[in-house]
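Since chain A is already given, all that's left is putting chain B on it; use the hints.
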Amino acid sequence: MFSPLIDELINALRILPGVGPKSAQRMALHLLERDKLGAAKLAASLQSAVDKVGRCALCRTLTEQEICATCSSTQRDPHLLCVVETPADVLAIEQAGNYSGRYFVLLGHLSPIDGIGPEDIGVDVLLQRLQNEDIQELILATNPTIEGEATAHYLAEQAKRLEVKVSRIAHGVPLGGELEYIDGGTLAHAFNSRQGV
Amino acid sequence: MAKLEVVENQEVYVLHSRPFRDSSLLVNLFSPEYGRVNVIAKGARKQSGKRQLRQPLQVLTPLLVDWQGRTSLKTLLRWEYRQSALSLQGERLYSALYLNELLLKLLPENDSSSELFKPYENCLLNLLEDQPLQPILRNFELELLTCLGYGLDFEHEESGQAINPEGFYRWQKSGLFCQSAGPNTYAGAHLLAISRRDFSQPEVLRSAKMLMREVLDQLLDYQPLKTREFFRQMQSSKSKPSSTHVP
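First to last, the sequence lines map onto chains A and B.
Under numbering that gives the first Met the number 0, the letters of the first sequence match residues 0 to 196, in that order.
Under numbering that gives the first Met the number 0, the letters of the second sequence match residues 0 to 246, in that order.
The following block holds chain A by itself, in its conformation from the complex (with noise of 0.2 Å):
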């Protein structure tokens, strides 16, 4: 229906989550009518992003540099190191704002019937990180879902051969819920890792 451009255009767009043919012809409308310039910014952004940005030597997170901010950072306490599952998950705890180590990235989770394995999500890179550097706990905050649990185990496993610390974030009652809405699984979680007042 539209130019070879820019039904290339529309397809391209539709490779980002949540946007359909629809979203996608919009979007595309929208930068080629109204804002040019948005558009040309857009896709210099983009191009430099893409050339630039890779994984950090350390953590594995996203950034251009060869180490990460947050792992080349003298304010942050070397001796703690925290094990998520995303970039997303550091800029959760980022934003909670009370974890003051450093962390690592494992993209991904172990997952037997997907054929992901320990070497998939850096393993190795982490156990050697836990040989080579003074670290005194492992704080372990992979999702609570089968996978996630299964990851954290074999974590601690490999991490408690190597006598560091570890330790499991706390799964429970959400701040602000209410008992009644809240699954049998996690009630079970909360009140077996209950603490004295």
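Careful: at least some of the hints might be erroneous.
Result set (BS3-like, lysine-lysine): computed pairs, CA atoms no more than 27 Å apart in a straight line [unchecked claim]:
1) B/Lys41 - A/Lys21
2) B/Lys45 - A/Lys21
3) B/Lys104 - B/Lys208
4) B/Lys172 - B/Lys104
5) B/Lys225 - B/Lys172
6) B/Lys117 - B/Lys225
Not everything, but these chain B residues come out facing chain A in the computed CB check (under 7 Å) [stated by the list, open to error]:
7) Val6
8) Gln57
9) Val58
10) Ser83
11) Gln88
12) Leu92
13) Tyr93
14) Phe229
Here are some, though not all, of the chain A residues that point toward chain B, as calculated from beta-carbon distances under 7 Å [to be verified]:
15) Pro16
16) Gly17
17) Ile112
18) Gly114
19) Gly116
20) Ile145
21) Ala149
22) Gly183
23) Gly184
24) Ala187
25) Asn191
Hints are computed from structural coordinates only; laboratory data are not their basis.
Ideal placement from N, C-alpha and C gives every residue a C-beta, glycine not left out.
Positioned in the frame of chain A, the structure of chain B alone reads:
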């Protein structure tokens, strides 16, 4: 147009799920009346704005579900937990996932005559308890073969003669045993023990594992099982390697 099939209150287990579109999941369910069913769970990955948080759809969780659909891919309408998720860890968790992979690869879709549900459930419950791992897996594999119509005759050889405890036998692709010498043979006594599901001797267990692997590999068209591969990786990354734990 095919008739709309509506199924309510089925007790199921999730065998596997994978993300679909932005917030949905494609889920393989295992149910007692409909066998293996593929459903799409719309919005299952979204934390809904409603007050009630959605219960996550996860593997190894006993669920009660409703679904409907006209084609082989159904739409999941509702799900709730029958009990909380089974808390399996480490080796036992990987074993449970191994069972799931076997079912995913070997069980035909929408096969209503699934007598395998109870054995599967029992097997998961056994995995929760502190029983030896290998016999649980072997029992389930034997059960699976019987349900698929590949039940092995452990008492007679190809010619119809009874299996001799002193003899040595080879498994053939026809499913029958024949007397044979050389490597890859099974002692007659071991076959008889397997037939009685008596895994008290380690040698019997080892033969059973070899035999199951041979039979399942053939059924799977020699496609590798990813969970088995995974087990191997896990074992090799451990300090003390021992191949005996690979299912």
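Take the shortest C-beta to C-beta distance between B/Leu92 and chain A; is it under 7 Å?
Result: holds, 5 Å to nearest chain A Cβ.
Against chain B, is A/Ala149 within 7 Å by beta-carbon distance?
holds, 5 Å
Agreement of hint A/Pro16 with chain B interface, Cβ distance less than 7 Å:
holds, 5 Å
Taking the closest Cβ pair, is A/Gly116 under 7 Å from chain B?
holds, 4 Å
A closest beta-carbon separation below 7 Å is what the hint needs, so does A/Ala187 meet it against chain B?
Interface hint status for A/Ala187: holds (6 Å vs cutoff 7 Å).
Does the CB of B/Gln57 sit less than 7 Å away from some CB of chain A?
With a closest approach of 5 Å, the B/Gln57 hint holds.
Taking the closest Cβ pair, is B/Phe229 under 7 Å from chain A?
Holds: closest Cβ of chain A sits about 4 Å from B/Phe229, inside 7 Å.
Interface hint check: A/Gly183, Cβ to nearest Cβ on chain B, cutoff 7 Å. Holds or violated?
Check passed: Cβ of A/Gly183 comes within 5 Å of chain B, closer than 7 Å.
Can A/Gly184 be said to touch chain B, with a Cβ gap under 7 Å?
At about 4 Å, which falls below the 7 Å cut-off, the nearest Cβ of chain B leaves the hint on A/Gly184 intact, so it holds.
Should the hint that A/Gly17 touches chain B count as held when the rule is a Cβ pair under 7 Å?
holds, 5 Å
Can the hint on B/Val58 be confirmed by a CB-to-CB distance to chain A that is less than 7 Å?
Holds, about 5 Å.
Against chain A, with CB atoms and a cut of 7 Å, does the hint on B/Gln88 hold up?
It holds, given that the least Cβ distance between B/Gln88 and chain A is near 5 Å, below 7 Å.
Comparing the model with each earlier hint shows violations of hints 7 and 25; every other hint is respected.
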